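With the hints as extra help, turn the sequences into a complete structure.
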Amino acid sequence: MRIFAAIMSGLALTGFSASATEAATRAAATCASFMQDYPKALGTFRVSFERPLTITRDLFGGDDGIDVHILATNADVDGTLKCKGDAFRRFEVRISGTADAATSANFAQFQQAALSTLFGWDRARSATVVAAMSADADEYLRASIQRGDLYRSGKVEYHQGGLYDLGVIWTEADHTFVVTTQDGP
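Under mature numbering (1 follows the signal peptide of the UniProt record, and there is no 0), residues -20 to -1, 1 to 165 are what the sequence shown spells out, in order.
Keep in mind that the hints were calculated from the coordinates and are not lab data. Just so you know, not all the hints are guaranteed correct.
To be verified - Simulated crosslink set (SDA-like; lysine to any residue; CA at most 20 Å straight-line):
hint, residue 1, residue 2
1, Lys20, Ala8
2, Lys20, Ser96
3, Lys64, Ile50
4, Lys62, Gln16
5, Lys135, Ile125
6, Lys135, Gly100
7, Lys64, Ile125
8, Lys64, Asp163
9, Lys20, Ser76
10, Lys62, Ala12
11, Lys135, Lys64
12, Lys135, Thr151
13, Lys64, Ala111
Since the structure is predicted, the reported quantities are computational estimates derived from the model, not experimental observations.
Right, dumping it as structure tokens:
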């Protein structure tokens, strides 16, 4: 967390502050725009969003109206996009915790593309935030393992203005990056 705080304060000094004003001026993303712009931000990867066949029987009458789109890629990165109507609600990408260096580098690119797509950040800013959050999550995971925690994990949260929350959760089994709205599911 110290690394992330230092980088974020450095960004603030260079005019890259993640202020509430900046977030308030940027409208919430729509699912249609995210599904269109995200593959473009990844360039060399083949990326599409697919609708899974979901068969459920709701015994309690509580349809939450959440549509799920599965991220299909030519990389070893899994993901899901959740929308309510056309309103963006949650985007998540994951890799195995034992991933090789190439897969980890691809994972970083998928995270950076999400930040660039949602916030309009340039490549350098997205890369800095992803690197800082990953370093902190790795540090927390190693500390969790050293302490002998029952559930070994490293978790970092970053609240982006008033619209979005970012999270990185690392376990020995997988690494996950999440962007979610603060409006609910």
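Violations among the numbered hints = Hints 6, 7, 9, 11, 13 not satisfied by this model.
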